[in-house]
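A.B. asks: The residues making up each chain are set out below.
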Amino acid sequence: MSTKLSNITKPGAYQIRTITGAETTRLMEMGILPGIRLEMIRKAPTGFPIEIKVRNSFYTLRKSEAECIELEN
Amino acid sequence: MEQTPKTIALVGNPNTGKSTVFNALTGLRQKIANYPGITVERKVGTSIIGGVLHQIIDLPGAYSLNYKKLDERIAYQALIGSYEHEEKPDLVLAVVDVTNLDRNLFLVSQLLDLEIPVILVLNMMDVAEQKQITINEQILSENLGIPVISISAKKREDIERLKQFVAKAELSPPSPLAWLDSFQLRQALGKVKKEWIQPHTNIPESAQHTEALRLISEGNFEYVFYTFEEQEKGLKVIEQAREILEQAGENPMATEVLQRYDFIDRCTKDATQQNTDTSLSITDRIDSVVTHKVFGPIIFTSILLLMFQAIFSWATPFMDFIDLIFIETGNWVANALPPGILNDLLVEGVIAGLGGVVIFLPQIVFLFFFIYILEGTGYMARAAFVMDGFMTKVGLHGRSVVPLMSGFACAIPGIMAARTIENWRDRIITIMVLPFMACSARLPVYALLIAAFIPATPVLGIFTYQGITFFGLYIFGIVMALLAAAVMKWFFPSGQQTPFIMELPAYKLPKWDVVFKNVADRGWIFVKEAGKIIVAISIVLWFLASFPGVDQQEYDQNAYEGETIESYQLRNSFAGKFGQIIEPTIEPLGFDWKIGIGLLTSFAAREVMVGTLNTIYSIEGSDEDIVTLKEKLINDTDPETGQPIYSIATALSLMVFFALAMQCMSTIAIVRRETNSWKWPTAMFVYMSALAYVCSLITFQVGSNL
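Sequence order for the protein chains is Y and H.
If you read the first sequence in our numbering, its first letter stands for residue 898, the second for the next number, and so on.
If you read the second sequence in our numbering, its first letter stands for residue 25, the second for the next number, and so on.
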């Protein structure tokens, strides 16, 4: 079982299971790789974008990108 | 390094302190310009290293050479020597942020494939020390096969150390593809290279590995910048290469990246040590407030309000002063030179035109002062995060908010501020809709028309129709801007969508020298580049309004009763003829030839409309005499029918026209400068004018038939 990052509502630490979809290469280039720890920090006032932390850096992802990231349950 | 002048390129991720290194190396010996034809900034300078003067290029920040963003493509093309506006570098200084070493080394691993000597500059060592990250440069250097030095770019002595290190370093190109350890990827790469890249493209040899890998990962020819032939064959070869990987269970979009990160892990494993830092940093704590669901938007709105209030109240005295200086200079020149055409040209064309350029400087300077502080501290990225959800609904970006709001003061600084939007499509749409925001130059026109034609009848106790109209015009501008953006979203090709993932850099104090230097650069670029166009158009407008000249005799014979000679002259000038010629076209909007002249002259600046109407209505003395002009407008009648020329419908129609039309040469000039082409300003002029015409037509026709 896995959950898409776009469906996560609670901040917390997760482990990435896979990256899929059109943005795969770019997300992975940023070091967002399967097996890596990802922290979902918060959501923007409108729900998206969301803020995540990977390898000491903070990023914002729009919904379309968050949908590409699947997390371990 | 041998003692000959070299071209040294600085390459690195955004927010790594690369620009700080560049500034420290070059000092004042640097030049900032745009690359020809595009909106990416080119920064070059010189630096004396080991007694030799070298050229330093600060290439645009990049996360990857896989060029999906324009900045990254320029950096990549410059590195492989296939960019005509940039020399191929002899040496690359890869500047990396040690607090996120892995991600930074991804780009470095790509640089290692290009057969250019690379020196790894580990920056931000001061921050690393606080975070208890230690790095053994010796081991890292051996593992990567390139020289490594760690510095903190803010420290002067570290920059000296860097220079000495570069001067002494032994330079040889690293061996490419050191990271590649899968047989299948090697096979796929070799296939694409041999069967398609080598025979059918003109890509330089040193870039062929990189290009083959990119094509395998992308699977198509999107973004390709070099010339090639046999596209179908190419696609087939790429497809076969991808199949090799897929049969081995590898994802062609992922396998290269994964192998590079494996390589990075191997290189850093025994060279770095860091304690997993789970404590809340200052950045985390600030962010929990400024990006909060409720406080975030409130804080952002407050900052914007404060900022614009400050710009407004600080810039106004400077603008008045500049105005005064140019008027006084004009008067002085007018008196010092013998009267005649040359005198008029200098005073009313050149000096007035220059004044029209310089008058924008205070607002530009103040706005950019704030923007660079917000950008430099890292707040701007948070503001974009907070606003992005609202703005994407209408096809804009979170970063569009500040430029759009700046448009209330003046479109010029707003359009310049749009450069903080990285994404090209979002940036163009922001620029294209920005002039709808009701700028301060529309104020005198609105004020005049509202005072003259909208009744001051109270509504709902505290409001009046005048106040509501005024407010309505502002809202109208905002609504039109958002509507136009939403429409343009559909027109723009979404195929070339660039990634939206955005980094939120750690908060830091702004570097004042950088802030002031950037502000000065912005101001100067405006004066130099937009200034040329503004002065040129001023002279043309002056010519149109001043010729042909009239003499006293002619005036005495033909003038209407009570018409001043200035008014008579303007009526018979080219501008006056223009007003009369276009009268039939603007009649359905409720405008007569007098307004026609005003529409032409207000192209110099919208508020000129008031001055022009003053001249036409033969009001002598102060240009600001709105009360007299108001009376004249109200009492003006059609000589044939005896009916008043202006009705409420005419006034509303004219206000709508001013709200929508692209009537500002300075905006045209700055759009040309910021987009680097005449295409966008032309499109802007056409669509805004057409929209203004249609909306005014509807307003007048509906209004006068009610």
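One thing to keep in mind: the hints can contain errors.
Claimed, not checked - Straight line, CA to CA, 30 Å or less: simulated DSS-like cross-link-like pairs of lysine-lysine:
(1) H/Lys317 x Y/Lys907
(2) H/Lys55 x H/Lys532
(3) H/Lys55 x Y/Lys950
(4) Y/Lys907 x H/Lys155
Said to hold, decoys possible - Across the chosen pairs, the derived CB separations fall in these ranges:
(5) H/Val710 x Y/Gln912: 52 to 58 Å
(6) Y/Ala910 x H/Glu108: 45 to 51 Å
(7) Y/Lys901 x H/Arg53: 49 to 55 Å
(8) H/Arg53 x Y/Lys950: 35 to 41 Å
Calculated directly from the structure, the hints in this document are not laboratory data.
Beta carbons: idealized from backbone N, C-alpha and C, even for Gly.
A.B. asks: Decide, hint by hint, whether the structure agrees.
C.D. replies: These are the hints, each one checked on the structure:
Taken as a hint, the H/Lys317 and Y/Lys907 pair is honoured in the structure, with Cα atoms around 14 Å apart against an allowance of 30 Å. Simply put, H/Lys55 and H/Lys532 have alpha-carbon atoms about 26 Å apart, close enough for the 30 Å limit, and the pair holds. Distance restraint check for H/Lys55 and Y/Lys950: the Cα-Cα separation of roughly 36 Å exceeds the 30 Å cut-off, and the hinted pair is therefore not satisfied. At roughly 27 Å between alpha-carbon atoms, Y/Lys907 and H/Lys155 fall within 30 Å of each other, so this suggested pair holds.
The hint said 52 to 58 Å for the Cβ distance between H/Val710 and Y/Gln912, and at roughly 54 Å that hint holds. For the pair Y/Ala910 and H/Glu108, the supplied restraint of 45 to 51 Å holds, since their beta-carbon distance comes to about 48 Å. Our hint of 49 to 55 Å for Y/Lys901 and H/Arg53 holds, since their Cβ atoms are close to 51 Å apart. Taking 35 to 41 Å as the suggested C-beta distance range, the pair H/Arg53 and Y/Lys950 conforms, at roughly 39 Å.
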